[in-house]
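Asker: As a plain string of letters, each chain reads:
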Amino acid sequence: MSDRTIKLVLEDGREFHGESFGAPKEVQGEVVFNTGMTGYVETLTDPSYKGQILVTTFPLQGNYGVPDGPFEAPRIQIQGLIVSHYSDHPHHHAAVKSLGKWLESQGVPAIYGVDTRTLTRHLRERGTLGGAIEFTDESRIGKPKYSKNIDMRKVLKKVAPTETTIHEGGNTKILLIDTGAKENIVRSLLKREATVIRAPWNTDWEKYVDEADGIFLTNGPGDPLDAGGLIEKVQALLSREIPIFGICFGHQMLALAAGGKTFKMKYGHRSVNQPVQDLESGRCFVTSQNHGYVVQTESLSREWKPWFINLNDKTNEGIRHVEKPFASVQFHPEACPGPQDTAYLFDEFMKVVRTWKITKQNKEAAFTWDILKNKDLSVDGKNGAKL
Amino acid sequence: MKGKPKKVLVLGSGALKIAQAGEFDYSGSQAIKVLREEGIKSVLINPNIATIQTDDGMADEVYFLPVTPYFVEKVLEKEKCDAVFLSFGGQTALNCGLELEKSGVFKRLGVEVLGTPVRAIRDTEDRHLFIQRLDEIGVVTAKSKAIESVDDAVKTAREIGYPVMLRAGFSLGGQGSGLVYNDEQCKQMAETAFATVSQILIEECLSGWKEIEYEVVRDGADNCITVCNMENVDPMGVHTGESIVIAPSQTLDDNEYQMLRNVAIKTIRHLGIVGECNIQYALNPHNREYRVIEVNARLSRSSALASKATGYPLAYVAAKIALGYKLFEIANQVTKVTTAFFEPALDYIVCKFPRWDLTKFPGADTRIGSEMKSVGEVMAIGRSFPEVLQKAIRMTEIGALGLDPDAFQFDDLQKELREPTHRRMFALAKAFEQGMTVSHIQELTGMDPFFLHEIERVVKLGQSLKGRKVESIEKNEMNILKRAGFSDTYLAKLTQTNDLSVRKARLALGVKPHLSQIDTLAAEYPANTNFLYYTYAAEQHDIQPSTKPTALVLGSGCYRIGSSVEFDWCAVSAVKTLKNLGYDVILLNCNPETVSTDFDVCEKLIFDEISMEMVLETVDFANPIGVFVSMGGQTPNNIALKLAKAGVKLIGTSAESIDMAEDRSKFSKLLDELNVYQPKWATATDMSVIDTTVEELGGFPILVRPSYVLSGAAMKVAWTMDELKGYLKSATDVSSEHPVVMTKFEEDSREIEFDGVAKNGEIILSAITEHIENAGVHSGDATLIIPPQRITIDVLGMTTKVAKKLAKALNITGPFNIQLLNQNHEVRVIECNLRASRSFPFISKAMRVNFISEATKAMMSDVNEKPVMVDAPGLIDLEYVCVKSPQFSYSRIKNADPINGVEMHSTGEAGCFGKNAKEALLKAMISTGFKIPKKGILLTLDSNQPLDLGLSIDLHTAQESGLKIYICGGKSGTKTRATFPIESMSEGEALELIASKTVDLVISLSRKDHYKVRRLAVDTGSSLITDHWLARRAIQGFNKYDMSELRIEPWSSYGGIAPSAS
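As they're listed, the protein sequences go chains W and G. If you read the first sequence in the working numbering, its first letter stands for residue 1, the second for the next number, and so on. If you read the second sequence in the working numbering, its first letter stands for residue 10001, the second for the next number, and so on.
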């Protein structure tokens, strides 16, 4: 039907043809999309995309090349990339190579020339679909196509670091339970003078809890119910009354540990323009998000209250304990990519942790800040400083 | 906010001029709609009679009066408004508001300024305050300092860091300014500068930095979003209005994007903007340094663009916020279920391309730079930079089919690249064709290599087709070409065939464009939007055609001199009427400054090229009952015949009739057959008999007129044989497919316009207007007056008779316009347009009958139904006079001779009502910038040009009321009745009178001499009149009326409220 060299085959049989760039290779994975207009470097290295074939709805990719860092993980996390228009002549002062060369060097295949809007509309309506990147070569006929068994539990294991690392930053110690944390979470804590103990979720990180001043539950790929054993472990933490903050997957983990429920949304949040509102102050923020599961607010006990909601579909975007220093948000305050409107939450978390350390008083340390008071909400962008 | 206001005055932006155009009809209309929705009474002051916002059914009261502090104060007093909107009428409204605040008028009348507080506006307008305010929060602005000595200059230059820009005052027009790289150069240039000026400015050099803008919205509760960012393809140094702009930014990484977004939000919060604003940055391409250039605390050209580019209704939301709503309380107009607190995600790319008309002004400086000269803009939507750039180029209708290296000729390519002109894109294409490298071109232009590489790719794709046949293009290649924005017409040129053959070949390969939605969220959720564009990068349509009968209306396309907001008014009026008649409407247009492209105007808006290719695709898609080609001016009119030949059904007058009227030679023959008088004419086919032809026409001056053109493009008056030959050549170049006609140029005739609506050849509605100026001034530059004041009843009768004959002969159904000359009780036809004309909104509002609405009804009515006369007032029923004055933008067009002629120069118009002609004329003239003189009048005449007796009497009366009269040139020694003799004042003395502000009105009737006088009048902001009759009427006007005697009356007081457009 087409003389183009490569295609994406979806598990429902639909095909999208295009031209190959990146590594000339066939792969399979869950096919997901993101609607951010900048930030492919950050997105491609986001461990939440582990095992997935990423479709970018913004048609132009590769335009500013690839820098030598910072990344959100040491390597590209996605299985494959599908774009509309690829620019192989990037130009940017920070660029050291092209997107194509970067993908190639890490063995990740990519397709350009695809109508990514039509593909996205298809994915949106079908929910998550599996797919494979294949060459259109005649000799391929008869070869096995996409197999449906992608085990996200395996993916979760893959995204976790192999060992615990300590990142020195100051006197306050944060135990970060890593389910595929984006590097900027670590950088954001370090910048606020925390020492980060970064422990893989599937190791016995409990041994660090005593020395920690606060716990950070990170983002990660897939369904939180797949993280066997982790829910129970977090549950145990709640009785210790040490400050806990969760992001995305970590938010869902905290909700589950608190006895709440999560469910799969009809339309997931796959963008960097998700509007959320702080229910207490009424203040609204634009946030970066990537999730298909959401916390069911009503499933939580009275000790918990909804903190943020999504202004588009009114789904839960954050919870906090009414008196204890536990809180979490569905969105990504660490951004990278996306708006940095909610980066202040790192400040608040560190403030809570430090207050707790001194007073051990719930009242003073609980997440009851009034963000409208004396707070410059926007990040200082002077000279490109970035959180 | 003290609770909801009861009655709000909305300040409009007045007549369209360069840097302030149709975008404010869009924003004002939205503001009025919001007031209506909220049940708040609205009063609008805007003399721009061709706008939608001044229509019936919009504001509760409309004042066609100048937007100046004086008139606004009077209207506030009369209407007892308790609040005012300042940010929907451009800089005019904003400045007016600042003055009224300063003079305490708002306070005295208890009027609240809604939206952004005046203090915040002042912080953004006053350079010094602005820098200080941004300093407070550590936001960086460009460093600059005013210097008064050479030593200080060197010291400051060192502080800022070389290179620095040294500016020797602004009056010199950039002369004596430049970049200096070291102490020595700085010292030298400063010394030179101080020889003539006392103060120089030393600025940080930002040339070559990227220019980025963000549109920001903030509500009263401090919620703040950035709706869109945009990047200029032209780096710093070229005004953003002159730049090719891409949304969203193309060369910024996420870090830079977010950094500038953060600064935007921080700055706008600190300044306390409530509503919408725009922030402009310079961004260093070598590191992440930025400088804030400016903040516009109002709706702007950029916000209109951003609104259309993203589907986010900025003006609507800004108005809601001004009334106290918070962003999350405002419903998202696109999705209906979400709120206005969101930032659109684009899954497409948008390109804005300016349109310049500099070649209409002989002598005009064609370089583009820090001042705006463009008269309009287009917006192209697609999936890649090459696709949108090539689309946008075609949309400007300057004759280029895309990034065509051969579109224009360049003498010095390097210079063209270094010093950009309005044709820089084509110079780039030429440079790549000649093999210049990206890095070399980057050095010359400062453009980001990302853009240059993409442009190079397009040029090479084009070159690869040279010498090939269209049949040799295979499917894959065709796809690549179409996705890179090559149109059927451009491919036809490259493969030496015609566009329909390319279309055939393309369709045979199965290559078609598809309609995609602008849904604000990149398909993340389902959205039901009517905002569409075509792209060859899509493989299926996002939407299905309507099952209801559908009409396709073609809009006006790019605004330019001669085709502007008046045709958008026509298109919108037609759409509204069609909707009321029960049809679904698809509108095709590509102009972001329009109301017709608003989200709430029609069922489906296709934001794309008005071309054969896209109209045929739309007909294939929607299978409409027919296409309206008569509402959008010349752009749709030009493709009418081709569409009809391709089998497309046109609604209204037939394509053959349109061709008969447009083709000068066919039309002249028709007039002869009908025994209708016309100026002597001849076709310019045989140059060998040109001498005899000229003789037969009655000698020089001769008017050269090409066919199928609007606003007199390439229309010229030749006084000598050499001129004639030159003009004939350029006219043939402009319109090679159509004949060029020569007529005797009539100098002493009056000009009459007949605007009408007919059905099956019978006129059912009409209006006759008269020009104040005599023939020779283009009808678009003429001052129109209704009812006519000079022509006699018998001439009115003859005019009507001629119109009836033509309507019958051309079997007109729909709107039409005839231009006639009147001399000695005789009328002669010079032109007939079988479409809506520029004056339709004016006559509709003057007579309180919507001509377009009636035309649309006639066009949609059963062809077998007998035509019925529309109930409308006759000319003798009008108890008032309405005058339309042209707005010129000469001050922006450096070096151009500000004199009227057969080529149109005006960029806009104002229409005002009065009890009599004098009052209406004065109001209309003041609306277009005229100031009633208080000191003196300077009259210039060519040497040996006699002073007209009538004018001398008028001047005498002016003199008696205390004005000083000065005359330069003319037949010296002539006696006048007045106390002033004609003496030969030198031009130098005349210039001095203007410079010293001794005179505040210049009447220049010289045709050959005194360019300098006219230019200085324009450059110093003195009033200038260059027509004899206009001068006389104006003087008679202010001899009789003082400003305070001009009546402040709403539209509704003139002739009562007519039924609204149905």
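Hints are not guaranteed to be accurate.
[Said to hold, decoys possible] Between beta-carbon pairs, the in silico distance windows are:
1. VAL10337(G) / GLN235(W): 32 to 40 Å
2. ALA236(W) / VAL10337(G): 39 to 47 Å
3. LYS314(W) / GLY10138(G): 34 to 42 Å
4. VAL10337(G) / THR162(W): 41 to 49 Å
5. GLY10510(G) / THR162(W): 36 to 44 Å
6. LYS154(W) / ASN10476(G): 48 to 56 Å
7. THR165(W) / GLN10091(G): 52 to 60 Å
8. ASP10722(G) / GLU19(W): 38 to 46 Å
9. VAL10337(G) / GLU323(W): 48 to 56 Å
10. GLU280(W) / ASN10182(G): 41 to 49 Å
11. GLN106(W) / ASP10411(G): 48 to 56 Å
12. LYS157(W) / VAL10337(G): 33 to 41 Å
13. GLU211(W) / ASN10287(G): 35 to 43 Å
14. GLN10091(G) / LYS261(W): 52 to 60 Å
[Claimed, not checked] Here are the simulated lysine-lysine pairs, DSSO-like style, with alpha carbons at most 30 Å apart:
15. LYS101(W) / LYS10997(G)
16. LYS10475(G) / LYS266(W)
17. LYS25(W) / LYS10336(G)
18. LYS10931(G) / LYS10997(G)
Hints were generated in silico from the structure; no laboratory data involved. Given the structure is predicted, the values throughout are model-derived calculations rather than measurements. Virtual Cβ for every residue (Gly too), placed ideally from N, Cα, C.
Asker: Next, verify each hint and record whether it holds.
Answerer: Against the structure, the hints:
Between VAL10337(G) and GLN235(W) the CB atoms are about 37 Å apart, so this pair conforms to the stated range of 32 to 40 Å. Take ALA236(W) and VAL10337(G): their Cβ atoms lie about 41 Å apart, and the range 39 to 47 Å holds. Between LYS314(W) and GLY10138(G) the CB atoms are about 37 Å apart, so this pair conforms to the stated range of 34 to 42 Å. Separation of VAL10337(G) from THR162(W) is about 46 Å and conforms to the stated range, judged on CB atoms against 41 to 49 Å.
Taken as a hint, the range 36 to 44 Å is violated for the pair GLY10510(G) and THR162(W), whose Cβ atoms sit roughly 52 Å apart. The beta-carbon spacing between LYS154(W) and ASN10476(G), approximately 39 Å, falls outside the hinted interval of 48 to 56 Å. Between THR165(W) and GLN10091(G) the beta carbons are some 58 Å apart, a value that agrees with the proposed interval 52 to 60 Å. Evaluation of the 38 to 46 Å hint for ASP10722(G) and GLU19(W) yields a failure: the beta carbon distance comes to about 58 Å.
Remark: the range hint 48 to 56 Å for VAL10337(G) to GLU323(W) is contradicted by a beta-carbon distance near 35 Å. Here the CB-CB span from GLU280(W) to ASN10182(G) is close to 59 Å, at odds with the stated 41 to 49 Å. Remark: the range hint 48 to 56 Å for GLN106(W) to ASP10411(G) is upheld by a beta-carbon distance near 51 Å. The hinted window of 33 to 41 Å between LYS157(W) and VAL10337(G) holds, with their beta carbons roughly 39 Å apart.
About 41 Å separates the C-beta atoms of GLU211(W) and ASN10287(G), a value consistent with the hinted range of 35 to 43 Å. Judged by the Cβ atoms, the range 52 to 60 Å given for GLN10091(G) and LYS261(W) holds: they are separated by roughly 56 Å. With a C-alpha separation of about 67 Å, the suggested pair LYS101(W) and LYS10997(G) falls outside the 30 Å cut-off, and the hint is violated. A distance of roughly 38 Å separates the Cα atoms of LYS10475(G) and LYS266(W); the hinted pair therefore is violated under the 30 Å criterion.
For the suggested pair LYS25(W) and LYS10336(G), the alpha carbons sit about 44 Å apart, so the restraint of at most 30 Å is broken. A distance of roughly 13 Å separates the Cα atoms of LYS10931(G) and LYS10997(G); the hinted pair therefore holds under the 30 Å criterion.
Hint violations for this structure: numbers 5, 6, 8, 9, 10, 15, 16 and 17, all remaining hints satisfied.
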